[in-house]
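Colleague: With the sequences and hints as input, model every part of the structure.
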Amino acid sequence: MGVRMTLTDEPVVQLQGVDKVFGGGDQPATTALEGIDLAIRAGEFVSLIGPSGCGKSTLLRIIGDLTAPTRGTVVVNGKPADRARRDRDYGMVFQAPVLFEWRTVEDNVKLPLEIQGAGSAKRTARAREMLELVELGDFLGHYPYQLSGGMQQRVAIARALAFEPAILLMDEPFGALDEMTRERMNSEVLRIWERTGTTVVFVTHSIPEAVFLSSRVVVMSARPGRITKVIDVDLPRPRNEDTRETRRYFELVTEVREALRRRRGADDADDPGAAPDAANGGLGSVDRTMAEGAVG
Amino acid sequence: MTSAAASTRGAFGRRPAVAPAGSNRRSIFTFALVAIAILVVWEALKFIGGVPWRAPGAGPGSPAIWNPPLRLPFANDLNLPHVWNIVLAFGQPWQRGADRNVAQFLFDAALYTWREALIGFALGALLGLVLATAFVHSRLLERAFVPYVIASQTVPIIALAPMIVFAFGANVTSVVIITTYLTFFPVTIAMIRGLRSFDPRAMELMRSYAASRVAIFWKLRLPASLPYLFTALKISATASIVGAIIGEGPGGISDGLGRVIITFNQYYITGPEKLWASIVAAAILGITFFLCVRAVEVLALRGRPRAAEG
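Residue numbers (the working numbering), protein chains in the order written: chain A, 747 to 1042; chain B, 36 to 345.
Watch out, some of these pointers could steer you wrong.
As the list claims (entries may be wrong) - Residues of chain B placed beyond 10 Å of chain A at every Cβ, according to the derived structure:
{"no.": "1", "residue": "D134"}
{"no.": "2", "residue": "H172"}
{"no.": "3", "residue": "F180"}
{"no.": "4", "residue": "A186"}
{"no.": "5", "residue": "Q188"}
{"no.": "6", "residue": "A205"}
{"no.": "7", "residue": "P258"}
{"no.": "8", "residue": "N300"}
Claimed, not checked - Covered stretches of chain A (in silico footprint by chain B; criterion: 3 or more residues with CB under 8 Å from a CB of chain B, positions within the stretch not fixed):
{"no.": "9", "segment": "837-848"}
{"no.": "10", "segment": "858-864"}
To be verified - Below, a sample of chain A positions facing chain B; criterion: calculated Cβ distance under 7 Å:
{"no.": "11", "residue": "L812"}
{"no.": "12", "residue": "R829"}
{"no.": "13", "residue": "R831"}
{"no.": "14", "residue": "R834"}
{"no.": "15", "residue": "Y891"}
{"no.": "16", "residue": "Y995"}
Please keep in mind that the hints were generated in silico from the structure rather than gathered at the bench.
Where a beta carbon is used, it is the ideal one built from N, C-alpha and C, also for glycine.
Modeller: Quick look at the structure:
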C-alpha cells in the first residue's frame, strides 16, 4: 500500500447548491442545509464543524449517498454520489463502532471485503494488515465485547480502510470517547491518513480535534445549516502531540472558535435553552452541553 | 444519545457469552431440588390421605405397612400411584408375556416419535424461516398473509388431525404434516421480529458497502436474528413432540409414544403406573430435545455479549 497523494485540481467531492429540507407535506418543513458549495481535493483532510442542528452529519450523509439532497448536485470522483456508493468509493466510520457482535475482530474487518467478493487469501492479508495499522494485531480472535470503546472504534477504522476506499467519511468517530482516548485516537488517525493518503471528510464538534487533524476546517452554522467560513490549517506536518502546544495551533483554535461564536450570538438569542460551552482544557467543544438535534 | 453509552461500554461491563460451568451445575441442582420436592409432596399426600400402603410391587392382598388417617379421593393408588411403583413399572414386561420391559418399549417408542418430531420440526423451522424472510422483505405479503398464519393456529389440532390423515393417509407423512403445522408458527412470528432486529446503523454500513439484499440477509439480518430463532426453536422443539404424539393417534402409527399412551390408557385400571411411566418418558423426550436445541444455541451464539438465557 503506497502513499496515494494525488493532489490534482480535479476535486474528489464537488457539492453545488445543495439544500436539504426535512419534513414537508403535512409536517412542518425544516431546512437542514441551504446553499452548500464545497469542493474537496484528493488527499485532503477536511473537517466539518458546527453546533448541533447545523446539518454537518446530514452533509456527510449526503456526500456518502445515505441521504438524498433536496436540491443541488453531488459529484464524487466525477460521478453522481449514488454511483460512487455502488462503486464502493466510500469508507464509513460512525460515532458508534457498529461492529457485528457475532464476528471476531478479524472477521469484522473482513466484512466489506467479503461483500465485494475478494478472495479468501486477500481478505485475510488485508484484514491483518489493517489491524496491524491500528495496532490491534494481537486481537484478531477477540470478540467486540472484549474490547474497550477506543479499541472498538479502531476496529471500525480498520474495517473502513480495508477495501482502500477513495474517500473516508467519519461522523464524530470519537465523540463518545473520553478526552485522553480521543487525543490518542487523533494522533492515530493522522498517522494512518499520512500513510494511506486517503481523502477524509470528518465531522466533529471538537475545535481542537478539527484543528489538529485537518488541512481545512469548514465552519457551519445552524438554522438553516450553512457554511460560514472555511479555514486553511497551515500547521506543518507531520503533526504530533507537540503541535498542540504551538502558538500557531492556538491561533487557529481561536480563529475557528471565533468563526463559530459569531453565529452563536444570533443562535443563543432564539435558543434560550442553549448552555454556554463546557470548558474542555481551556479549548471548548462547540455543543457538548446541547442536546443533539434531529438533524445534527 | 444512547450511542455514546453503547460505544463506550468496555470489556468489563458485559457478561461473558457462555454461562460458566458453575451456573450450569446450579441449574441442574435447582431442577433436581424441585423434582424431589414434587415427589415429597406427592408421597406426603398419599401418606396422609391415600389407601393403605403395601410393600413396593406387592399385590392387593399383601399386608398393609401403613394405614393413612384420611381417605382423599384423588390420592388413591389409581389416581396417584406410588412413585416407587411407577419406577418399578419400567422394569415390568410391557404387556403380559412380552419379552421386552416397559423401559425398553418406551425407549424405542420415544426414539420413533422423536424421529417423526425431528422431521416435522425441521420442516416447520424451514417453513417459518421462509415465510418470515418473505414477510420482512415485502410489507404487502406481510399484511396479506400474517393474519392467516395467526388464524391457522386458532384451529385446534384435534379437529385438523383427522382431516390431514384423511387427505394424506394413515402414515408417517400425516404425523409429519401435523408436527410441521405446530412448529412453523413460533418460528415465523419470532423471525419476523428477529430479521428486523439488526442495528439500523449496521444497515447503513451495509448500504455504504453497496451490499446486495442477499448479502444483507446472510451477513446482517440472519446472524442478528439468531437469538430470536433459538427462542422459537426451543418452543418448537417441545411443540413438535406434542404434535407427533397427538398425530400418531389418528395417524394410526403403532410404533410411537402416542400409540403407547393410548394403549396404556386403555389398561389404566389394571396398571396405572405404566401410563405414568409413559408420561415420564414423553417428558424426558421433550426435555432432551429442548436441551439439544439449547446446546446448539450455546454453540451458535458463542462470543456474543448476551447469549440468550435458558
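Colleague: Checking the smallest CB distance to chain A, is H172 (chain B) really beyond 10 Å?
Modeller: holds (18 Å)
Colleague: Beyond 10 Å from chain A, beta-carbon-wise, is N300 (chain B)?
Modeller: Answer for N300 (chain B): holds, closest chain A Cβ roughly 47 Å.
Colleague: Does the closest beta carbon of chain B sit nearer than 7 Å to the beta carbon of R829 (chain A)?
Modeller: Given a least distance of 10 Å, the restraint on R829 (chain A) is violated.
Colleague: Take a quick look at D134 (chain B) and tell me if its Cβ sits farther than 10 Å from every Cβ on chain A, holds or violated.
Modeller: Given a closest Cβ separation of 52 Å, the condition holds.
Colleague: Does the interface hint hold: is R834 (chain A) within less than 7 Å of chain B, judged Cβ to Cβ?
Modeller: holds (6 Å)
Colleague: In terms of beta carbon proximity below 8 Å, does the segment 858-864 of chain A have 3 or more residues touching chain B?
Modeller: holds (count 4)
Colleague: Regarding the hint that Y891 (chain A) lies at the interface with chain B, is the smallest CB-CB distance below 7 Å?
Modeller: holds (4 Å)
Colleague: Verify the interface restraint on R831 (chain A): the C-beta must sit less than 7 Å from at least one C-beta of chain B.
Modeller: holds (6 Å)
Colleague: Per the stated criterion, does the least C-beta distance between A186 (chain B) and chain A lie above 10 Å, as a non-interface residue requires?
Modeller: Holds, because the least Cβ-Cβ distance between A186 (chain B) and chain A comes to about 35 Å, which exceeds 10 Å.
Colleague: Tell me if the interface restraint on L812 (chain A) is satisfied: Cβ within less than 7 Å of some Cβ in chain B.
Modeller: holds (6 Å)
Colleague: Quick one, is the Y995 (chain A) hint okay against chain B at 7 Å, beta carbons?
Modeller: violated (27 Å)
Colleague: Hey, does Q188 (chain B) actually stay past 10 Å from chain A on C-beta?
Modeller: holds (31 Å)
Hints 7, 12, 16 from the list above are not met by this structure, while the remaining hints are.
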